[in-house]
Amino acid sequence: MKFSGIILANLLRKKVRLLLTIGSFAVALFLFAFLGVVRDAFGRGADVAGADRLVIINRTSIINTIPLSYRDQILRVPGVRYVTHNNWFGGIYQDEKNFFPQFVIDPENQRAVFPEFVVPEDQWNAFLKDREGAVVGARTMERFHWKIGDRIPIKTTIWGGGSWEFNIDGVYHGKQPQDDETQFWLQWDYFEERIPERIKGQVGWYVLRVQNPDESPRIAKTIDEQFANSPYETRTETESAFAAGWVKQFGNIRFLIVTIGAVVFFTLLLVTGNTMAIAVRERTPELAVLKAIGFSDRSVLVFVLGESLAISLIGGLVGLFLAVLAVPVLSKALSGMLPRLFLSSTLLAFGLGTALTVGIVSGALPGIAAMRMRVVNALRRV
Amino acid sequence: MVRVDGSGDGTSLVRVRGLDKKYQRGGEEIHVLQGLNLDVDKGDFVAFMGPSGSGKTTLLNLLGGLDVPTRGSITVANDEITHMSAAKLTEWRARHVGFIFQIYNLIPVLNAFQNVELPLLLTKLSKSERRAHVETALSVVGLADRMKHFPRQLSGGQEQRVAIARAIVADPTFLLCDEPTGDLDRKSADEIMALIEELVGSYHKTVLMVTHDPLVAARAHTTLHLEKGVLVEGHKVAQPAGGGSI
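Each protein sequence line maps, in turn, to chains A and B.
Going by numbering that gives the first Met the number 0, the first sequence opens with residue 0, and the numbers climb by one from there.
Going by numbering that gives the first Met the number 0, the second sequence opens with residue 0, and the numbers climb by one from there.
One should not assume that every hint holds.
[Claimed, not checked] With a cut-off of at most 30 Å between alpha-carbon atoms, the simulated DSS-like pairs for lysine-lysine come out as follows:
id : chain 1 : residue 1 : chain 2 : residue 2
1  : B       : K126      : A       : K14
2  : B       : K147      : A       : K1
3  : A       : K174      : A       : K96
4  : A       : K13       : B       : K126
5  : A       : K1        : A       : K14
6  : A       : K331      : A       : K146
7  : B       : K186      : A       : K14
These aren't lab readings, by the way, just hints derived from the structure by calculation.
Isolated chain A (complex conformation) (with noise of 0.2 Å):
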């Protein structure tokens, strides 16, 4: 503590350049954060996956079905508590930009299967009596101002075409916030309906829970024998090995965002590490008599590593600080576009541990040179 006065002084010195480099480390922890915040969105399907969930899929690929009459058959294998099934809708809300996902989904069994999802029970039963009806999660109502009884038109060029019209009987919420409330689900009974002939019976994919999650691997190979060599063999999966299959359709999404991150890691450190590197050249000589009069080549490292460590804390504060503003913000933007982004402070803590590494690091090789620095030689200079 004796020392700080003497760092904070050294700190002052340059006061522009001071603001810069803190200015630098804001911005770069600032799109560290989003990048960050965005990685996790597209993670997260995978990381809240039930751990007592599995998926089935055709094993040609997800967009091939499976037929209904494999539901009972996946009831009776042991260890097997619900089964539902879905089907990806993929329809248009006015525009192509206005994404959201919607699924077909088996009204009996879907809040069995996603007790995460809650729906006040008036509205649920209001959606078992209406074929039409539709349950909307709490981002999407609010996103196009909906309300419960609006009748909402979706246009599909998948499911023989045309525009199908929904009532709003009730919106979900998550339990915790990192839940998805973007979907739309409507009622099996009124898409088997509507879609041709040729295609009626076949769901998308299979969702179960199991009584125990230990007997997963057994249940997944149970299941997946029992429908080999038949026309539609299967492929089952945990919850998040699917969720982060299907992340896979859009790219390496997490490798280019590590990618993208990284950079920016080595630019901090050199942009950082060259300031500290000249702000030690230029005051050798103070150092010199620094260590002239006494002070320790520790305590020469320490108000080199002080003033790092200084400049990466203010301004990895000050970034992620601004990444907790924007995050909402940008959240809200790009609703539709990408998941919800949600700042959790385990990234928060990562991108400060962050920071604070690019502190001692770029102090720490002017630091070593001003500790090794020969003080006859240094007080020649000046």
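Since the structure of chain A is provided, determine the placement of chain B on it from the hints.
Here is chain B on its own, set in the frame of chain A:
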């Protein structure tokens, strides 16, 4: 009493024996100091003179533990410093040596008080004790009213006074001055020399000073000339008696 013939009786504050210093410069070996002997008693004020490159500053650096000799020994207050590790030498400098440089070497972002306080940050003194010491040191050099001034707000002479206050604040065993008036006009140089004389006369400090200026050297009790790597006595003046401690 200052002696250069190695005849000191072991009671000297500074005792140098057979000091050699060689440099390698461009593949050529330069033998700067060659078997140099020196004995300086407490309270002595010695000036070293000699042409450029004669090794004056090298000698001062060796005496201050900033450099290590090729051969020979330096003993200060019964501590032989020539075999100390770098870390030990750093600690030793903090306790025993006050440096005064030609161009002051104050930290520009610290005010006079903070510059003078620097050596005390290495001690276990409390904040209030440090304050008392700094105020005393600045009073001795006549700058008690300039404590909050930064170096850029002071004249060259005042900066050197702050540097002197920094050198004496921890009450070191001896002061090493490298051209302390080299950057000052004659009037300021006189004032600085008067102050150094006061430190020797009134506070019984031991001062070893390098200078080019014969007028400045004449203020010392003893002037020694560096010739061909050894010290040769110049003139001597009577030492003032007595003195206290800061």
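Review point. Among the hints numbered above, which are violated by the structure, and what are their numbers in rising order?
Key: 7
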